[in-house]
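Trainee: Below are the chains, spelled out letter by letter.
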Amino acid sequence: EAGVVQSPRYKIIEKKQPVAFWCNPISGHNTLYWYLQNLGQGPELLIRYENEEAVDDSQLPKDRFSAERLKGVDSTLKIQPAELGDSAVYLCASSSLVPQLGESTDTQYFGPGTRLTVL
Amino acid sequence: SQQGEEDPQALSIQEGENATMNCSYKTSINNLQWYRQNSGRGLVHLILIRSNEREKHSGRLRVTLDTSKKSSSLLITASRAADTASYFCATDVRGGSNYKLTFGKGTLLTVNP
Chain W
1 EAGVVQSPRY KIIEKKQPVA FWCNPISGHN TLYWYLQNLG QGPELLIRYE NEEAVDDSQL
61 PKDRFSAERL KGVDSTLKIQ PAELGDSAVY LCASSSLVPQ LGESTDTQYF GPGTRLTVL
Chain S
1001 SQQGEEDPQA LSIQEGENAT MNCSYKTSIN NLQWYRQNSG RGLVHLILIR SNEREKHSGR
1061 LRVTLDTSKK SSSLLITASR AADTASYFCA TDVRGGSNYK LTFGKGTLLT VNP
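Chains as they are written, first to last, in my numbering: chain W, 1 to 119; chain S, 1001 to 1113.
Check each hint, because a few of them may be wrong.
No farther apart than 16 Å at their CA atoms in a straight line, the calculated lysine to aspartate or glutamate pairs in the EDC-like style are these [to be verified]:
id	chain 1	residue 1	chain 2	residue 2
1	S	K1100	W	E50
2	S	K1070	S	E1053
3	S	K1100	W	E14
Here are the in silico distance ranges between beta carbons for each label pair [said to hold, decoys possible]:
id	chain 1	residue 1	chain 2	residue 2	range
4	S	T1020	W	I12	35 to 43 Å
5	W	P81	S	K1069	44 to 52 Å
6	W	P8	S	D1066	40 to 48 Å
7	W	V55	S	S1028	17 to 25 Å
8	S	R1050	W	V55	18 to 26 Å
9	S	N1112	W	E44	30 to 38 Å
10	W	R9	S	D1066	36 to 44 Å
11	S	Q1009	W	G85	36 to 44 Å
12	S	R1041	W	I12	14 to 22 Å
Hints in this document: simulated from the structure, not taken from any laboratory. Glycine included, each C-beta is placed from N, C-alpha and C at the ideal position.
All chains, please: the whole structure from these sequences, using the hints.
Mentor: Here's what the structure looks like:
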């Protein structure tokens, strides 16, 4: 079974340029997550999708970040314009269950990430 | 903000020794999960322990949870060089229809051959 696929693996851009990341989750997984991971830190959630609906985007800086998950499968995360502080690893993860109240079964499967460097 | 805090930040041991990492958190949880991340790779789920469980085993891994102290520990027995990685605890906090998995900063484990 293929895991979560992300591309590109590495991206170097100059500040103020736009950049986009792509994620293909594990087949059949209806929940998709985008995380930001700074060096020496744990992942921090940016946005969570259940199928094609963004159900938690409270941590997404909406002035420059946008995301979409058309058809509820692949997803793209875009930054426009990029700033120096956006340099980080952007991780995508997926899971197969919609979390229910009282249920605690959500194991997330992560892709390898995209390492973004903004110069 | 990150709810979980791992301790120590870094740990270096010899192959064959046991490694213990601790995680403390602040608010009530539904479950706590441990993940491993090799350098330059994504995170891999290791084990999940529910709030009503106190101890769980998986192969060479042993996880404990003390909800009264809001803490968890991950023990890796008979460590191998391949266990070298960063280890993160993640807390599952649910409120209403919201669900969030919050990660700590991680413990960097180095196992020397």
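Trainee: Is 36 to 44 Å respected by the C-beta to C-beta distance linking W/R9 and S/D1066?
Mentor: holds, 39 Å
Trainee: Hinted pair, alpha-carbon criterion (16 Å max): S/K1100, W/E14. Please report holds or violated.
Mentor: violated, 33 Å
Trainee: Against the range 30 to 38 Å, how does the distance between the Cβ atoms of S/N1112 and W/E44 compare: consistent or not?
Mentor: Since the Cβ atoms of S/N1112 and W/E44 sit about 31 Å apart, the hinted range of 30 to 38 Å holds.
Trainee: Return holds or violated for the Cβ distance of S/R1041 and W/I12 against the range 14 to 22 Å.
Mentor: holds, 20 Å
Trainee: Does S/K1070 pair with S/E1053 here, judged by a C-alpha cut-off of 16 Å?
Mentor: holds, 13 Å
Trainee: Can you confirm whether the C-alpha distance between S/K1100 and W/E50 stays at or below 16 Å?
Mentor: holds, 13 Å
Trainee: Honestly, do S/Q1009 and W/G85 meet the 36 to 44 Å range at C-beta?
Mentor: Given a distance of about 23 Å, which is not inside 36 to 44 Å, the answer is violated.
Trainee: Lying within 40 to 48 Å: is that true of the beta-carbon distance W/P8 to S/D1066?
Mentor: holds, 43 Å
Trainee: Hint says 17 to 25 Å; check whether the CB-CB distance for W/V55 and S/S1028 agrees.
Mentor: For W/V55 and S/S1028 the Cβ distance comes to about 22 Å; the hint holds.
Trainee: Can you tell me whether the CB distance of S/R1050 to W/V55 sits inside 18 to 26 Å?
Mentor: holds, 23 Å
Trainee: Given the hint of 44 to 52 Å, check if W/P81 and S/K1069 actually sit that far apart at their C-beta atoms.
Mentor: holds, 46 Å
Trainee: Take a look at whether the Cβ-Cβ distance between S/T1020 and W/I12 falls inside 35 to 43 Å.
Mentor: holds, 39 Å
Checked against the numbered hints given earlier, the structure breaks hints 3, 11 and satisfies all the rest.
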